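Be aware that the sequence shown starts at 30, since it is given in my numbering, and climbs by one per residue.
Be a bit skeptical, because a hint or two may be false.
Now the in silico label distances, taken between C-beta atoms and shown as ranges [claimed, not checked]:
#1 Leu126 / His292: 35 to 43 Å
#2 Lys291 / His148: 47 to 55 Å
#3 Arg119 / Arg259: 42 to 50 Å
#4 Lys238 / Arg118: 41 to 49 Å
#5 Arg118 / Glu263: 40 to 48 Å
#6 Leu184 / Arg211: 28 to 36 Å
#7 Asp138 / Trp315: 51 to 59 Å
#8 Ala73 / Glu185: 39 to 47 Å
#9 Glu185 / Glu263: 35 to 43 Å
#10 Val36 / Glu263: 52 to 60 Å
#11 Ser147 / Arg118: 15 to 23 Å
#12 Ala290 / Ser147: 30 to 38 Å
Cut-off 20 Å, straight-line C-alpha distance, at most; resulting in silico cross-link-like pairs (SDA-like, lysine to any residue) [what the hints assert, rightly or not]:
#13 Lys268 / Arg246
#14 Lys137 / Asp170
#15 Lys137 / Ala166
#16 Lys238 / Leu208
#17 Lys137 / Met171
#18 Lys268 / Pro243
#19 Lys291 / Asp269
#20 Lys238 / Gln195
#21 Lys268 / Pro242
#22 Lys137 / Leu126
#23 Lys137 / Asp169
#24 Lys137 / Glu163
#25 Lys238 / Arg211
#26 Lys72 / Thr34
#27 Lys291 / Pro316
Please keep in mind that the hints were generated in silico from the structure rather than gathered at the bench.
As the structure is a prediction and not an experimental result, all values here were calculated from the model.
Yeah, the Cβ is synthetic: ideal placement off N, Cα and C, and Gly gets one too.
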Amino acid sequence: MRKLTIVDVAREAGVSIKTVSRVLNHQAGVGPQTRARVADIIKAHDFKPNAAARALPGARNYNLGFLTRSIYSHYYFNGLHAGVMRACRRHGYHMVLETIEDFVSDGKDAFVRRLRASHFDALILAPPVSDMPEIMAILDDMEMGYVRISPTVELERAPFAFMNDQDASYDIMDHLWGLGHRQIAYLGFRDTGASAERYAGYARFFRDKGLAPPYPRTELPQTTSATAFRAGEELVTRKDRPTAIFAATDFLAMGVMAAAAKHRLIIPSDLSLVGFDDSPGSESVWPPLTTIRQPIEEIGEAAVDLLVAGLGGDLADRTKTARRLDYSLVVRESTAPPPLAK
Numbered sequence: 030m031r032k033l034t035i036v037d038v039a040r041e042a043g044v045s046i047k048t049v050s051r052v053l054n055h056q057a058g059v060g061p062q063t064r065a066r067v068a069d070i071i072k073a074h075d076f077k078p079n080a081a082a083r084a085l086p087g088a089r090n091y092n093l094g095f096l097t098r099s100i101y102s103h104y105y106f107n108g109l110h111a112g113v114m115r116a117c118r119r120h121g122y123h124m125v126l127e128t129i130e131d132f133v134s135d136g137k138d139a140f141v142r143r144l145r146a147s148h149f150d151a152l153i154l155a156p157p158v159s160d161m162p163e164i165m166a167i168l169d170d171m172e173m174g175y176v177r178i179s180p181t182v183e184l185e186r187a188p189f190a191f192m193n194d195q196d197a198s199y200d201i202m203d204h205l206w207g208l209g210h211r212q213i214a215y216l217g218f219r220d221t222g223a224s225a226e227r228y229a230g231y232a233r234f235f236r237d238k239g240l241a242p243p244y245p246r247t248e249l250p251q252t253t254s255a256t257a258f259r260a261g262e263e264l265v266t267r268k269d270r271p272t273a274i275f276a277a278t279d280f281l282a283m284g285v286m287a288a289a290a291k292h293r294l295i296i297p298s299d300l301s302l303v304g305f306d307d308s309p310g311s312e313s314v315w316p317p318l319t320t321i322r323q324p325i326e327e328i329g330e331a332a333v334d335l336l337v338a339g340l341g342g343d344l345a346d347r348t349k350t351a352r353r354l355d356y357s358l359v360v361r362e363s364t365a366p367p368p369l370a371k
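Just need the whole structure built from these sequences, with the hints factored in.
Quick look at the structure:
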């Protein structure tokens with residue numbers, strides 16, 4: 030017979046996992062009738078929390094922190110947030126959005142005090158926090174578990190969920206090459222592992238062809254509509270104008286679209302363009318954008334699934350465990366053979 034778990038107790042009592050945890054740990058916040066009902070079920074089944082749960086320091090609070098660099102209003106982080114929240118609910122955990130802004134402004138001590146006061150059982154690290162060794166070192170010192178989303182460095186430190194950006198970029202290049210493009214430029218952004226991985230796929234493709242990339246690496250220090258437009262304008266007004274541009278995000282690609290329109294270039298007749306992300310606007314612009322569809326919400330869900338092991342809600346061991354999510358190349362009307370190949 031399968032051993033009873035805390036989820037089973039909660040389901041039979043018609044309460045949350047956190048309520049059962051409060052009863053088990055003799056904590057306040059549970060009404061007398063509910064407490065008695067849960068206690069009766071625990072006694073009837075001779076339920077005992079498993080050894081792994083008892084070995085964890087402190088009582089389980091069923092709170093997980095979702096740690097980002099700052100508060101974003103961006104479809105990528107909105108998607109991660111939605112996936113993390115959905116998985117937390119499924120596992121009976123509460124999710125709290127937190128940032129590292131006080132770590133940047135006030136230093137380590139203030140950051141640690143706030144984390145301790147939040148009573149998190151563990152943390153989900155969103156990029157670029159998932160690639161910050163100084164943050165992971167603090168969590169290691171606190172003995173706080175964490176899972177990383179799409180890391181690119183020190184992969185052995187903790188479980189992580191990811192999509193292979195480099196392979197996705199390679200597939201974009203293969204698509205453009207198959208159409209006949211050879212003069213392909215890359216437009217990216219600095220200071221993120223994702224952009225570095227996407228450029229690596231671009232460069233690896235040319236290397237596998239025995240060639241060097243035909244254009245210098247172009248990466249923006251800040252990604253705004255204005256900087257994306259200016260970078261696109263620099264590319265489309267070159268004397269050796271590329272026949273195709275690979276933009277590391279759909280947002281950057283839309284800046285290139287605006288620059289191309291200003292200079293009376295028709296996409297894809299004069300210039301093919303690809304993006305990355307399959308953002309909400311990528312299908313509604315004209316022409317609709319060829320891009321990579323990321324399983325953003327699924328990555329967020331997978332991160333929580335890695336962190337929360339088993340139906341009992343015990344936190345996963347801090348060992349290297351990876352979950353890769355599949356991407357897909359979405360071919361739309363923004364790519365075509367280069368002008369001379371038609």
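The hints, checked one at a time:
no., hint, result
1, Leu126 / His292: 35 to 43 Å, "42 Å, holds"
2, Lys291 / His148: 47 to 55 Å, "53 Å, holds"
3, Arg119 / Arg259: 42 to 50 Å, "44 Å, holds"
4, Lys238 / Arg118: 41 to 49 Å, "47 Å, holds"
5, Arg118 / Glu263: 40 to 48 Å, "46 Å, holds"
6, Leu184 / Arg211: 28 to 36 Å, "34 Å, holds"
7, Asp138 / Trp315: 51 to 59 Å, "52 Å, holds"
8, Ala73 / Glu185: 39 to 47 Å, "45 Å, holds"
9, Glu185 / Glu263: 35 to 43 Å, "40 Å, holds"
10, Val36 / Glu263: 52 to 60 Å, "56 Å, holds"
11, Ser147 / Arg118: 15 to 23 Å, "19 Å, holds"
12, Ala290 / Ser147: 30 to 38 Å, "48 Å, violated"
13, Lys268 / Arg246, "17 Å, holds"
14, Lys137 / Asp170, "12 Å, holds"
15, Lys137 / Ala166, "11 Å, holds"
16, Lys238 / Leu208, "15 Å, holds"
17, Lys137 / Met171, "12 Å, holds"
18, Lys268 / Pro243, "13 Å, holds"
19, Lys291 / Asp269, "18 Å, holds"
20, Lys238 / Gln195, "16 Å, holds"
21, Lys268 / Pro242, "17 Å, holds"
22, Lys137 / Leu126, "19 Å, holds"
23, Lys137 / Asp169, "13 Å, holds"
24, Lys137 / Glu163, "9 Å, holds"
25, Lys238 / Arg211, "11 Å, holds"
26, Lys72 / Thr34, "13 Å, holds"
27, Lys291 / Pro316, "15 Å, holds"
The structure fails hint 12 only (numbered hints given earlier).
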